[in-house]
Structures are given as C-alpha cells and as structure tokens.
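There are 2 protein chains.
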Amino acid sequence: MRIIENGTITSVDGFLASGVDANIKGKNTGKKDVAIIYSEDNCVAAGVFTLNKVRSKTIDVCLKNIKNPIKAIVANSGNANACVGEKGYDDALKMTEVVAENLKIESDKVLVSSTGVIGVILPMDRIENGIVKACQNLKKDGGDDAAHAIMTTDLVKKNIAVQFEINGEKIVIGGIAKGSGMIHPNMATMLGYITTNINIEQSIMQNLLKEITDKTFNMISVDRDTSTNDSLIILSNKRAKNRLIDSKEIEGYDLFKNALHYVMEYLAKSIAKDGEGATKLVEAYIKNAKTDEDAKKVGMAIITSPLVKTAIFGKDPNWGRIIAAIGYSEVSVNEGAIDIFIGDVKVCENGIGVLENEVKVKEELQKDEIIITVDLKLGASSAKVWGCDLSYDYVKINADYRS
Amino acid sequence: MRIIENGTITSVDGFLASGVDANIKGKNTGKKDVAIIYSEDNCVAAGVFTLNKVRSKTIDVCLKNIKNPIKAIVANSGNANACVGEKGYDDALKMTEVVAENLKIESDKVLVSSTGVIGVILPMDRIENGIVKACQNLKKDGGDDAAHAIMTTDLVKKNIAVQFEINGEKIVIGGIAKGSGMIHPNMATMLGYITTNINIEQSIMQNLLKEITDKTFNMISVDRDTSTNDSLIILSNKRAKNRLIDSKEIEGYDLFKNALHYVMEYLAKSIAKDGEGATKLVEAYIKNAKTDEDAKKVGMAIITSPLVKTAIFGKDPNWGRIIAAIGYSEVSVNEGAIDIFIGDVKVCENGIGVLENEVKVKEELQKDEIIITVDLKLGASSAKVWGCDLSYDYVKINADYRS
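Keeping their order, the protein sequence lines are chains S and P. No gaps in the numbering here: position 84 of the first sequence is 84 in my numbering, and each next residue is one more. No gaps in the numbering here: position 21 of the second sequence is 21 in my numbering, and each next residue is one more.
There's no promise every hint is true.
Since the list gives no way to pick one copy over another, a pair counts as held whenever it fits inside one copy or between any two copies.
DSS-like cross-link-like pairs, simulated, lysine-lysine; straight-line CA separation at most 25 Å [stated by the list, open to error]:
| # | residue 1 | residue 2 |
| --- | --- | --- |
| 1 | K104 | K139 |
| 2 | K346 | K53 |
| 3 | K53 | K377 |
| 4 | K133 | K87 |
| 5 | K87 | K109 |
| 6 | K297 | K53 |
| 7 | K25 | K315 |
| 8 | K87 | K346 |
| 9 | K87 | K377 |
| 10 | K384 | K297 |
| 11 | K241 | K170 |
| 12 | K396 | K367 |
| 13 | K140 | K31 |
| 14 | K315 | K362 |
| 15 | K238 | K109 |
Quick caveat, the hints were computed from the structure, so don't treat them as lab data. Note that this is a predicted model, so its numbers are computed, not measured.
Next up, chain S with everything else stripped away, as it sits in the complex (with noise of 0.2 Å):
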C-alpha cells in the first residue's frame, strides 16, 4: 500500500467534487460551504450514522436512499437542518432534488449531509443557489475543495488516498472528513466520506465499514457531546477489475480491509488532533485488559476526562488524574497492578508513582502527540482511543459559537 502526495476523494478515477460558498455561514465570509460529490458510474454505498436520539432528518433520507445505485452526495456546513420538525425532511429531500435536477440523475441516487448550528431551519434559497453552483464547478481535483466547503470550527482540512493492488489491479481509496466539535463516538459532528473503486458487494462494503468504525472513528472523542448529524458514507464505483469481493475469503478482502482501515484511522486521528482548541493529539492505549470492551472503557475515561485534559494542555505530568479515570471508568481493575507510560516514560508502577522520572516525563510532554500507554496486567485485550487537551481556545469557540 502507498500514500498518494495531496491524495483525496477525486484520486479515484471517475469521482468529481466540488466546494462553493453560498453564505450560509454568513454572506462575504469567503467560507466554502456547500460540498458535492459525484461519480460518473452508479456506486455501491455503504453508510454508518448517529446513534443520537435526537437526529437531522438527513439521515433519514440517506438511510431511504442507502442502498440504491448512489451518483451523488450533497453536504452543506453552516447549518445542521436538526430539531425544525418535519420541514427539516422536507429540505434534505429537497436538497437531492436540487442536486438530481442540475446533474440530471434520478433524486434517489443522491445522499445528503448537513453540519453547523442546530434548530434554525436551512436557508433554502441560498442553499439552492449553492447547489446549482457547486454542480457547475464540478472538478476532477475538486476532492480538496469539498473537504473545505463541510469545515465548520476545523482549523485543518482532512484529505487522503491510498492505493494498493489485487493481482494486478490498481485499487484506490480516497477520504475527506470534518469534525471538530461535538466529537464523541456514535459518532460526532463528523462527516466523513470516503470513494473507491474496489469490485465489490454492498453487504461486504457495510460490514467493514461497520466493523473498521468501530475500531476508528467510534474511538475518538473530543468532547463526549455526540451530534445530531454523525454520517460516514463509502461509495464504489466498481472500476477496478478485481474478482467481486462478495465474502471474506476473496481475493484482496484482506488487502482491501487494512488499506480502508488505514485511511479510517488516519481521518479519525485527524479530527482527534484538530479538535476545538486542542493543542495536542492524545492516545491512550491500553493493554492487558479482560475484554475489549474493558480496554475502550478505560481509555475513553482517560482520554475524556477533564483533568487528564487540562493537564496534558498544562504539560503538567499528573498521572494521579489518570488513575483516578482509570478507577472511575466502571472497569473492575487491581489497583495494586497498574503500570501508567507517557511516551516511554514509566510514570506509575503497580499503581505507585515512579517520582525519579518527574523531569523525563516532563520532556514527553512538550511533544505534539502524547501516548498514554495503561497496563492493566488483567488480560489480553486491547484498545487504542484518540482525544485532545482542553484549551482555553475550546471554551472561546465554544462560548462564541453562534454569535
């Protein structure tokens, strides 16, 4: 597998992207937002969405048009189209339309995303004009221009592509994501989108992205708010002349996993590492755990804490924040066994601190991504989950959001 250099969602051969502003983030902004995704060939779609009660009813209409031939996807930042009530479906139904009408395709073949503010309802008008626009603009290398038009507070714009081969046959997977705030599994103001042209079954393509999700975005967390928006869509347009991949034991499954797993973890890492204000990337690894579910448990505990937080910002080596997570995450855990890394400093040692390495450890936490590493010494499992430090930065963009 290798990295294409400035890779994105168009390095696969037969996507076009496009990424306009259309002032719903306010008029002279110079702010992209309105993203369109197009595929030249009808793909096979694969989609994985909040789990949030309280949900945009965009996820309603991608869910009725999931498993139709999908040709475009249409997103809008600046507004979530969330708790407006039923004129909210409406829109987003309106929104595939607009799109089907200017690219002449049928309205089924279109998904739809919206992020931003929640309980206004969309500015349609200018929604409309956006979308007639963004499907003019349509470009080979459009990907990076759509990856910005879906950026609400992201500071980083989220690109990249791989490829790799099955006996022969060049594969290429390409994303973009957005998130930033609201970031905590099931899923987070999260958008994500990723193209390829892999043969391959729509089941197959679900399961994968179901199960990669779990393992990447479904483990990081900004800020343990879940939105109402969360959607991470796969499409294949089916190019590439491998042997269809309609169960595990094809050809190329196993190649095809790691390079999606790869790109999964990439763009959930990247969100992670931009989340609001956040200065630091974190991850919390953690091992010997009894279950899987026991490993994620405690990481997430680490890595959500506000203390654990304030003090990575702080540079402050306070392991003392992390055990006490580790002891409230629910986990039955022996205390007494508890060994605690930052970087490859031992900081605690059978729940002990080790004071000798203070200065070392001080030194990791100068660096721009900080690894926590737990050793439960209980098991076998594992889990890795990625978070940020708490700024003074998030409570101003949080605090000012709307205004």
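Model the placement of chain P on the given structure of chain S, informed by the hints.
Chain P in isolation, oriented as in the chain S frame:
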C-alpha cells in the same frame, strides 16, 4: 425549621472543631490544611464513600471504624493520600492514633479523610505536628475554621446549620463541605461532615444518609471526574431527648429527614456553584420522564455537556446543544414532544425552537443561577441535578494545579 445565622457544625452543642495551617499545601501559604471535629460525647456515625475503584486508604480506615462510637474526625487538605501503596493505610491509621493520643480517646473512635494531590506520600511529620496543633486549638466556635481547613481550590467556605423541634425538643443539624474539582456523583473530591444532636439509631441514620445523598450530593457534577477520596459523614451525639428514632414511623423522622435534606441540598448546590472556574450555578429540572433514573440521566447529560456548559458561560441561548445532549443521554425520548425552558422562557416547543423568545432568554442568561427545565411528556418522574458553567478559569486552574 429555621436556618441558624452563621451556622456550622459547632452550632450543635457538644461539638468542638479547629482548623490549622500545617504547611501541607506548602510553606507560609497561610492556608489552613488540617481540621479536627471533636465530640464531647460518643457519637453514632454513618457515612457514604467514593465508588471509585482506585480509592484512598483513608476510606478503608473509615469503614473499619464507622460503626464504633465515634469521638473525632481528622481531615487534611493538600494531599489525598491515594495511590501510594500500603503506606497510605499505615499513614491514615497513624493519623487516627495521633488524634487519639492527643485527645485521650481510643483511636478506633476516630475517622479520617484526606483531599488534594494524588500519588504523593503524606508528609507525616508535618501532618503530626498539625494534628497536635489542631487538637490544642479545638473551639466551641471552630466549625468555620474546620470548613476553611478542608478547602482545596474552593473559593468559598461551605457552612450551614438549621434547627427545628420534635415535641418541644430542639434538634440542630450543622454541616460543612468542600468540593471544587473532580466533582461528579458517586461522589467527587467531596468532603462533607454533618453534626446533629438527634436521638437516632445508627441503621436509620445510615439509610437516610444514603437516600438523601442520591437526591443531593449524587445529583451534582462539575466535571465528571469522580475522585478517590469522597466522604460524607454524619455524627450524632444524641443529646436531644426526643424519643429514639428506630423506625420510620417514630415521631420526628420526617421532620429530621426534611431538615437533613435541606442541609445536604444546600451543601451540594454550594459545591456545584463553587465548581472550579464556575461563574454560574446550573440546575437542570427534568420532568415527566418515564422513570427517576431516566430523568437523572437526561439531567446529567445536560449539565455535564461541555458544549452546554460553555454556551452558558458565553450567555449563548444555544438550546440546540441541550436537545442534542438529551438525545445522546441513552434515554428513549420523543423528540417531537420535548419542551425546554431557560428560566421561565420557553426556548423549544415540541422539539422546535421558539425563535421569538431569543431576546428574553438572553436576559435570563445574565443571571447567576440558570434553571433549565425539560418537559419530556413521557411519564410522571422527575429529577433535579446541579452543575456549573465551563470557563477559561477551569482550564487555568487545572492546567496549573500542581505547579
């Protein structure tokens, strides 16, 4: 029932207290850090303690002694005596022994608490000197000094006393507490001590303490971090001549229950209001839920949401974040039936924003105490939970705590 002006734990006849500076928090800070509460008579005691699986060994010493006749409680701030191995138990035990020696009582009649940084061995020489000094300083009006000495990052001392009569017999209840960070149910870096003179059986008092804790101290959250040291202890010297309360049917049980609830709710709300960096007390009142547990879950989701907390800090009427939190609370809700009020102002009706009230709600958000009422319209259960906003100062305090 009447509230005693400047009331505290020593408002109950027969209790003395003290708080002294033993340099546990550093030299020459002038901050008190060792407290003793002493009862002239043997007391019946009850307690509730942290459910964190990593806990201070002081808790073990309390559990060992709590059913004995109790004469004293010793507490220090500045060091939690947690995550220091078996030495933690020996040191906690030693603290009770030094108290016993100085007050000429048996050491198994002494309870002990610690609060502060985790993972550092107690400076026993300073602790012992502090205990000697605190024993010498015991005073009939020393409750306020004790309230001072248990503070960590608290800004405000938390004292209260109330009195009422059972059949002409005066009953007094006094209380002090500390909180500030790591505040979350089950319980928090929360220490609370309550004194009373009521004639009551131990098992009845223990059950009452647990029952009311679930409605008060377990209904607050500052930052979701459950501490290793939380302890709430009640002592009664039984000086009042009311008929012994050995069942719920005895006269005075309900009066005592209501007064104790008042004291505990006052202390719990004081802790939430004085949460680290807090500028506002936030109450979430959830009504018409299917079950009490559902109501609590919804309330907790709201008051712990960093996005809700930062919006309140920013005085931003962003009710979308409230309904998103309701949605991810894991309670089955009907989005189309949810009403949300901020103060008396309806901001969301049947899941849709009430935009014309936006100006009025901005006025509500100027207040020091914000009440968020959620009507789920699903049943007859309700809950009140308390928290605070999330400000720059929370980050500042916790990024700097140890330095």
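For each hint, the structure was consulted:
1. Taking CA atoms no more than 25 Å apart as the test, K104 paired with K139 passes inside one copy only; the shortest distance there is 17 Å, against 87 Å between copies.
2. Taking the shortest Cα distances, K346 and K53 sit within 25 Å of each other only across copies (22 Å), while inside one copy they are farther apart (42 Å).
3. Taking the shortest Cα distances, K53 and K377 sit within 25 Å of each other only across copies (16 Å), while inside one copy they are farther apart (37 Å).
4. For a Cα distance limit of 25 Å, the shortest separation of K133 from K87 inside one copy, 24 Å, qualifies, whereas the shortest one across copies, 70 Å, does not.
5. Taking the closest pair of Cα atoms, K87 and K109 come within 25 Å of each other only inside a single copy of the chain (21 Å); across copies the shortest separation is 67 Å, beyond that limit.
6. Taking the shortest alpha-carbon separations for K297 and K53, both the intra-copy value of 22 Å and the inter-copy value of 14 Å come in at or below 25 Å.
7. In this homomeric assembly, K25 and K315 come within 25 Å of each other (Cα to Cα) only across copies, at 21 Å, whereas the closest approach inside a single copy is 35 Å.
8. Only between protomers do K87 and K346 lie at most 25 Å apart by alpha-carbon distance; the minimum there is 21 Å, versus 56 Å within a single protomer.
9. Within a single copy, K87 and K377 get their C-alpha atoms only as close as 53 Å, which misses the 25 Å cut-off; across copies the closest is 22 Å, which meets it.
10. With identical chains, the CA atoms of K384 and K297 are at most 25 Å apart within one copy only, with a shortest distance of 11 Å there and 27 Å across copies.
11. Only within a single protomer do K241 and K170 lie at most 25 Å apart by alpha-carbon distance; the minimum there is 9 Å, versus 90 Å between protomers.
12. Taking CA atoms no more than 25 Å apart as the test, K396 paired with K367 passes in both settings, with 23 Å inside one copy and 20 Å between copies.
13. Taking identical chains as interchangeable, the C-alpha atoms of K140 and K31 lie at most 25 Å apart only when both belong to the same chain, with a minimum of 21 Å there against 67 Å between chains.
14. For the homomeric pair K315 and K362, the shortest alpha-carbon distance inside one copy (7 Å) is at most 25 Å, but the shortest distance between copies (37 Å) is not.
15. Within a single copy, K238 and K109 get their C-alpha atoms as close as 16 Å, which meets the 25 Å cut-off; across copies the closest is 77 Å, which misses it.
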